[in-house]
Each structure stands twice: as C-alpha cells, then as structure tokens.
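All chains should be built: construct the whole structure from the sequences, respecting the hints.
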Amino acid sequence: EAAVISKMGQRGQIIDCEIDGPLGMDNALSSFAAEVKKVTGPVAGRADLLVVPDIASGNFLGKSAVYFAGGKIAGLILGASAPIVIVSRADSSPSKLASIALASYSLGEQQ
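If you're matching positions, the sequence shown starts at 1 in the working numbering and goes up one per residue.
Derived from the structure by calculation, the hints contain no laboratory data. Don't take every hint at face value.
Result set (DSBU-like, lysine-lysine): computed pairs, CA atoms no more than 35 angstroms apart in a straight line [unchecked claim]:
hint : residue 1 : residue 2
1    : 7         : 96
2    : 38        : 63
3    : 7         : 72
4    : 72        : 96
5    : 63        : 7
6    : 37        : 7
7    : 37        : 72
8    : 63        : 96
9    : 37        : 63
10   : 38        : 7
11   : 72        : 38
Simulated restraints, written as ranges between beta carbons of each label pair [said to hold, decoys possible]:
hint : residue 1 : residue 2 : range
12   : 89        : 4         : 29 to 35 angstroms
13   : 10        : 63        : 31 to 37 angstroms
14   : 41        : 109       : 22 to 28 angstroms
Even for Gly, the Cβ is constructed at its ideal location relative to N, Cα and C.
Here it is as structure tokens:
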C-alpha cells in the first residue's frame, strides 16, 4: 500500500505534498540514519507524517510517540465514505480536537 501511495504521488494524483515509501521508521525520521544507510528521496530523514498499514500498528506507533517522546498525535482513518476519527479515552483534549479538525479538513478536501 505504501508503494501504491508513493506512486500516486509521483504521478501527480496526490498534490501539495512530497510522498515517499515504503521507508523504515529510522530512514523516514532521521537524516543521519538515511545518510548512513544511503537511503535517498524527497522524504528520507524528514517525514512530517507517517502512514501505517493497520489500526494496531497505528495504535502502537501513536502511543509510543506520546508516552516515550511526549509527541502530539491525531487519529484518523481515511478511505471510507467519510473520515473516521479514532481516539483513545486516555488521549488529551488537544489530541481529540486535532483528530476532529483533521477529519473536518479532509472532508473539505474530498469535495
């Protein structure tokens, strides 16, 4: 799926962003790791957004970012007839608001 999304970006089917992948997490987030491993591309070492293959992976990644690194997250599933906001009961209010805002924004982009 990551390769398909990456190809869509190359073809101009997804605009106003740079897309690459699939990439290992270290290569996506660390310019040092990407350089050492000779991984090149428009996103290598500087990803702003990570796309995961399933809800379990997203849950693990999101909670790791929050609890290990103090990260800020928003949860959203795209691809259905409407965006699906997905939050945890333990998420902060700003995280829940960001999830709703992102879903609302994505609705405007679909029209």
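Violated hints, by number in ascending order, as checked against the structure: none
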